[in-house]
Amino acid sequence: MKLRTPKLIRPLVVAGCVSLMSVAGVAKAADSTQPIVIPIHNWSSQVVMAYVIGGIFEKMGANVEYTPADTQAVYESIRNGDVTISHEVWQSTFGKSFYNAMAKGGVIDAGTHSATTLEEMGVPTWVIDEGLCPGLPNWEALKDCHENFTTPDSGGKGRWLEGPQSWHGDLMPERLEALGLADKWVVKFAGGADALWTELAAAKKEKRGTVVFNWTPNFTDADGFTFIEFPPYKDGCRIADGGDGTCGSPKGWLKKAANYKFPKTHPAAYTAFTKVDFSTTQIGQMAALVDVDKLDHKDAAAKWLADNEDVWMPWTK
Amino acid sequence: MIDALRERKFLQFILLVIVFILMCMFVPATDGSWLWRLPPLFANFPVWINDSVDYLMFDWWLVDVYDPDIEEYEKQPVMRQITRGVSGFVLFMIEFVREIILGGVKTIVTFTGWDWATENQWARWPGLPWTVVAAGAMILGYALSGTGLALFAGFTFIYIAVFGQWEPSMQTLSFVLIAAPTAIFIGLVFGVLGYKSKVVETILNPILNVAQIMPHFSYLIPVMVFFGIGDHAGAIATIIFATPPMVRLTILGLKKVPPEVKEAGLMSGCTDWQLLRRVLIPTARRDILIGVNQVIMQCLAMVVIASLIGAKGLGNDLLIALNRLRIGLALEIGICIVLIAIVLDRLSLAWANKQTDYFADQSFKERHKHFIWFLIAFGIGVVVAWIGSFIFKEGFNYLYLVPHNKGITTGPFWQAGVDWLWDTFFYTLKGFNEWFIVDVLIPVKNAFLGMPVIATFTLAMGTGFIVGGIRSALIVGGYLLFIALTEWWDRALITSYLMTMAVIISGFIGIVMGTLCAQHPTSSKILLTWCDTFQTFPSFIYLIPVMMLFGVTDTSVLIAIVVYATIPAARYTVVGLQSVPEALHDAGSMSGVNRFQRWVSIELPLSFPHMALGINQTVVFALAMVVIGALIGTDDLGQLILGSLSDRQGVGNGLVLGFCVAFIGLAIDQILRTWADKRKEALGIE
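Protein chains in written order, with this note's numbering: chain S, 6 to 322; chain D, 127 to 812.
By construction, these hints were calculated from the structure, which means they are not laboratory data.
All C-beta atoms, glycine included, are put in the ideal place defined by N, C-alpha and C.
Where hints are given, some of them may not hold.
Claimed, not checked - To give an idea of the interface, some chain S residues facing chain D are shown, with a C-beta separation under 10 Å as derived from the structure:
no., residue
1, Val42
2, Val52
3, Tyr71
4, Glu211
5, Asp301
Given these sequences and hints, build the entire structure.
Here's what the structure looks like:
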């Protein structure tokens with residue numbers, strides 16, 4: 006039976022407290038029982054991965070708590086200890102917030118996933134198939150096809166729909182300028198990821214060409230998305246770093262962050278967390294369980310954990 | 127000529143506009159010129175705020191605090207200890223309510239510690255079966271009001287359970303059940319203080335103004351820095367957002383209490399407390415209840431925003447659903463939020479309206495019959511859930527808890543609806559959209575950006591002067607000066623452009639709809655219910671269909687703003703027209719006017735002051751939505767406020783940007799309110 010009266014609990018609580026005090030001195034070497042707080046953002050792979058990592062911690066006997074958090078503001082929370090870890094730190098989108106928080110003190114770098122990320126302008130693959138811009142993904146093709154990418158507010162130029170300005174500042178307008186495309190293309194800043202996905206869906210329905218900022222691994226990979234190949238990235242090639250700005254985005258890292266107390270309070274869980282290492286394929290699998298198989302996030306995580314014991318078991322050792 | 131100008135405000139205004147246009151034409155757009163743009167003298171203001179907050183939170187008055195987990199002493203600032211204490215208390219309250227409904231371990235942990243709870247896995251509080259909660263809500267509805275409310279409350283909770291939103295809904299409910307009463311209580315206390323002391327009222331007034339108009343996004347970061355992240359932070363942000371109308375309406379209500387009533391109370395020998403508790407507040411009940419209604423609406427309107435700083439529940443699920451463009455699922459969640467809002471609102475109204483029957487002589491059984499019913503329902507629910515555990519051997523016991531997202535879903539239906547909308551209207555709307563952007567929006571935007579700062583000041587202060595004299599002119603000028611001296615004047619112009627367009631459209635739609643519906647009591651009641659619904663319905667949901675149809679453009683932003691900002695325009699028009707005294711209608715009819723003439727020459731002028739307040743609120747709502755509009759993609763203040771979430775100087779930037787938005791609203795508020803007050807005086811209504 007699932008119901009119990011509080012009366013029954015009270016003496017047990019007292020007894021428990023007393024017995025605990027006597028053990029407390031001995032049991033210190035193990036992880037603290039304070040819950041590890043894992044943030045939940047608003048995209049599938051991140052949420053599933055949160056429950057996967059939480060599941061691993063729970064298997065190790067730790068208490069875990071999940072809390073919704075804003076993707077940018079979360080680093081300030083990790084710094085303050087309100088959130089313990091973040092398991093998806095994307096280089097170009099969150100790198101700035103991550104390093105800002107690190108500079109203030111309180112956040113530590115807990116290693117890097119083997120998945121590499123790319124955050125770049127691109128087109129849905131059907132745009133290439135339809136021949137809206139012959140020559141893509143090479144960027145030079147953009148010189149001759151901007152008419153197929155105009156919108157009412159773009160003043161006759163082709164439109165690049167970039168993420169919010171807070172993500173990479175004026176990087177894209179500067180790149181257009183540097184590559185000599187500025188008289189044919191213009192950048193519009195979207196307000197958030199929702200706007201990007203809506204644009205993808207709407208453009209597909211209308212069969213209208215669109216150049217959108219996107220990243221991989223992402224759920225859009227499944228529908229076919231091609232990133233434009235700009236001249237390769239070299240250190241210092243961006244205008245902000247003193248270069249001439251004629252380069253694309255680097256292959257980025259995907260890092261893990263933790264509060265500075267985490268290694269001390271939960272040594273075992275922290276060691277496991279530093280070993281946690283997902284590849285692009287694995288992240289794709291997790292996202293697909295939700296986006297394609299329509300599982301609930303928690304169920305998807307449970308299924309992934311059950312199917313991939315050989316992957317995560319060694320991390321806990 | 128001069129005399130005519132002195133007499134006729136209308137002529138003064140025309141002169142002002144001419145001067146304004148001349149200035150726009152002849153002041154050159156040169157970067158160094160102070161007539162064109164003021165220098166950003168306040169550019170460092172956000173940095174100062176930031177440094178002070180950092181100092182307060184991290185460096186001021188350090189004390190050694192022992193952290194048992196790392197077995198070390200750490201320097202901790204006192205301020206942080208205090209705010210975290212508050213957080214802990216709020217969080218405990220929320221968790222406590224939550225665990226009564228859903229079960230869990232947190233409350234037990236508060237008294238015993240994690241170590242003990244981890245070792246004793248049996249010590250978990252079980253949740254109530256959903257059937258018991260639903261029955262409880264029905265019995266409560268019946269006890270407070272009768273069959274109608276009982277049925278509605280029951281329907282709401284069954285809807286929530288059947289659609290698989292039980293857990294997130296109860297998380298949201300528990301959060302609202304703490305935030306709303308706290309906001310109501312704080313609002314009442316400050317309202318009473320403001321009523322008793324003129325000084326307090328004078329201090330409260332500007333604070334309330336700013337708190338009401340400032341976009342909620344801009345204080346998310348300060349709240350997060352001070353109180354951390356989680357349900358408590360969400361609740362605190364919600365309380366900041368929801369309290370001002372309660373304070374306002376409490377003061378208003380108490381002021382309206384006739385002196386005779388007060389004196390009657392004093393003559394009966396009331397103490398101060400008794401006077402307040404037994405005489406003043408019950409007499410002012412009507413206005414205070416509107417305050418309660420507003421608090422509940424505001425609390426649920428904040429559910430989604432609060433989830434950005436850690437509030438669990440429907441808001442967070444909604445954001446995840448929208449990120450995958452699952453509009454159907456998002457809509458179901460939105461309906462849950464609206465239903466909870468309406469149930470709570472109706473229950474609280476019924477509770478407040480219930481008169482105590484001092485003369486009833488009832489037996490124990492009579493007095494406690496509702497409680498006894500609940501016990502019976504509890505027993506039945508538990509037994510049913512227990513039987514359920516035999517029926518649903520594998521997996522989930524649907525009679526105990528319908529698991530998240532495993533109820534029935536109408537998602538595909540709504541998705542089909544959105545597709546249909548697209549197929550039917552897209553190409554028609556596309557033409558309109560192009561015309562609207564190219565021929566209306568872009569020229570207006572350029573016109574706003576082409577205003578020299580001296581012209582803007584002349585127009586705004588001049589209008590202030592014509593309407594309210596030198597005092598209004600200076601107040602309006604002061605607000606604008608603050609914005610002009612930050613580095614965001616151009617951004618503020620874009621915000622003003624969006625707001626102006628939205629207010630014109632919403633004002634027009636709202637007044638027309640309000641007028642039409644006010645002709646009949648039933649239709650006005652329907653309209654007011656719609657207003658309630660749309661006020662709590664999360665605006666995030668219609669962002670996506672609107673973006674599908676109109677693209678990532680200013681049109682979409684405008685439509686999103688208009689949907690929300692039309693609410694007050696319509697509401698105040700209805701109220702304004704209803705407040706025109708019957709006697710005047712009759713007087714008009716006797717003088718032989720027809721319906722339309724009566725409307726034009728009697729009802730409209732008399733309700734104009736009310737409508738002006740409606741437009742005032744429309745401005746406030748439009749400014750509040752500017753930040754939500756920024757989620758579509760704008761280049762105004764809202765976009766920067768969103769950006770401040772990731773900024774190192776986030777606290778300062780967010781607050782100063784919030785002040786900029788609030789000051790735009792306050793400048794307009796100053797002009798409209800002064801005008802409405804003068805009109806009211808001239809027309810001799812209240």
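Here's how the hints hold up against the structure:
1. Of the supplied interface hints, the one on Val42 of chain S holds, with its beta-carbon coming within about 8 Å of a beta-carbon of chain D, less than 10 Å.
2. At its closest, the beta carbon of Val52 of chain S sits 7 Å from a beta carbon of chain D; the interface hint therefore holds under the 10 Å criterion.
3. This hint holds: Tyr71 of chain S has a C-beta 8 Å from the nearest C-beta of chain D, less than the 10 Å allowed.
4. Evaluation of the Glu211 of chain S hint against chain D yields a held restraint, the C-beta minimum of about 7 Å falling below 10 Å.
5. With a least beta-carbon distance of about 5 Å to chain D, the hint placing Asp301 of chain S at the interface is held under the 10 Å criterion.
Of the numbered hints stated above, none is contradicted by the structure.
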